[in-house]
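> Sequence:
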Amino acid sequence: MTNDHGRPVLAFYYTWYNQQSWTRTQMSDLPASEYNSGDDTTIDRQLDEAAGAGITGFISSWWGAGDKTDVNFGKLLARAANLEAQDHYHFASSLYIESDAPNLNSPEKMVSALNYVNSHYSANPYFFHWQGKPVLFFWDPLGNGRTLAQWTTIRQQVDPHHQMIWSAEGVNTDLLSVFDGIHLFSAGYWGLQNNSMPQVDQGFRDKINAYNKAHNTQKIWAAGVMPGYDDTRVPGRKNTFVVPRNNGAAYTTSWNAAIGSAPDWITITSFNEWYEGAMIEPSVTYGNQYLDLTRQFTQRWHG
Numbered sequence: 001m002t003n004d005h006g007r008p009v010l011a012f013y014y015t016w017y018n019q020q021s022w023t024r025t026q027m028s029d030l031p032a033s034e035y036n037s038g039d040d041t042t043i044d045r046q047l048d049e050a051a052g053a054g055i056t057g058f059i060s061s062w063w064g065a066g067d068k069t070d071v072n073f074g075k076l077l078a079r080a081a082n083l084e085a086q087d088h089y090h091f092a093s094s095l096y097i098e099s100d101a102p103n104l105n106s107p108e109k110m111v112s113a114l115n116y117v118n119s120h121y122s123a124n125p126y127f128f129h130w131q132g133k134p135v136l137f138f139w140d141p142l143g144n145g146r147t148l149a150q151w152t153t154i155r156q157q158v159d160p161h162h163q164m165i166w167s168a169e170g171v172n173t174d175l176l177s178v179f180d181g182i183h184l185f186s187a188g189y190w191g192l193q194n195n196s197m198p199q200v201d202q203g204f205r206d207k208i209n210a211y212n213k214a215h216n217t218q219k220i221w222a223a224g225v226m227p228g229y230d231d232t233r234v235p236g237r238k239n240t241f242v243v244p245r246n247n248g249a250a251y252t253t254s255w256n257a258a259i260g261s262a263p264d265w266i267t268i269t270s271f272n273e274w275y276e277g278a279m280i281e282p283s284v285t286y287g288n289q290y291l292d293l294t295r296q297f298t299q300r301w302h303g
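In full-length UniProt numbering, the protein residues as written are 1 to 303.
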């Protein structure tokens, strides 16, 4: 197997599961085989499945230094080295900085955490780099009262010379004053609901092109794709909704629109967010259908 890092395909990835996690009362579907995220055999299987589908890396949900998501990310990097040794497939992953996590929910905590990431991971060859720079993804930077001014200060303290690439989740191009690109964890799902997916993705491409022209920058557009969504069983969550899968039609529409918007990267929501029903990992209901579809589209995008 080989891959093409000139066109990264990165899937959001969650490492918080154990054998007690799996229940139909909280999930719309279940994995084909229930697992513990921290087991090397689980990580090896997930790497094999992702690599076989043309995914070039994971964006691993991260809740701070020492958290199980941190421990398991270290395992992921180690198993990626093993994958390359065995299959000659270079799988390079990043972190999803979960801005609301207790260890990350203040500017001071964020600075400390990002310094930790920089020192522990940024030089690792199995950490995702773009044009020679390590890449981080940030969830909802302006949520819960966070401001661009705070992020400006954080970046000045952590990465004053922009030796890293920071991608922000969100639709607000004002984020580009601090961040190096935007991505949509939502995958612009309203385009699926309104039958306007190509226009949604192209609209973001156009906004970023306009920003780059006005500011003489090279901000990055990461188009998102999703197979469907269903968070109606998440305990205590309000305003839940469903984006029907329609036997792969939603995913196909999502991919066609993403590729059509000439993105720099493509992100997949998600490899294994089971609570929100947005996974492509093999399941009881769908088997390998969504990995098979992913392979078709990554082959097309990678040419």
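Any given hint might turn out to be false.
Only pairs whose alpha carbons sit at most 25 Å apart, straight line, appear in this in silico DSS-like list of lysine-lysine [unchecked claim]:
{"id": "1", "residue 1": "K75", "residue 2": "K109"}
{"id": "2", "residue 1": "K238", "residue 2": "K219"}
{"id": "3", "residue 1": "K238", "residue 2": "K133"}
{"id": "4", "residue 1": "K133", "residue 2": "K213"}
No lab work stands behind these hints, which were simulated from the structure alone.
> Against each hint, give a clear statement of whether it holds in the structure.
Quick rundown of the hints versus the structure:
no., hint, result
1, K75 - K109, "holds, 24 Å"
2, K238 - K219, "violated, 34 Å"
3, K238 - K133, "violated, 38 Å"
4, K133 - K213, "holds, 22 Å"
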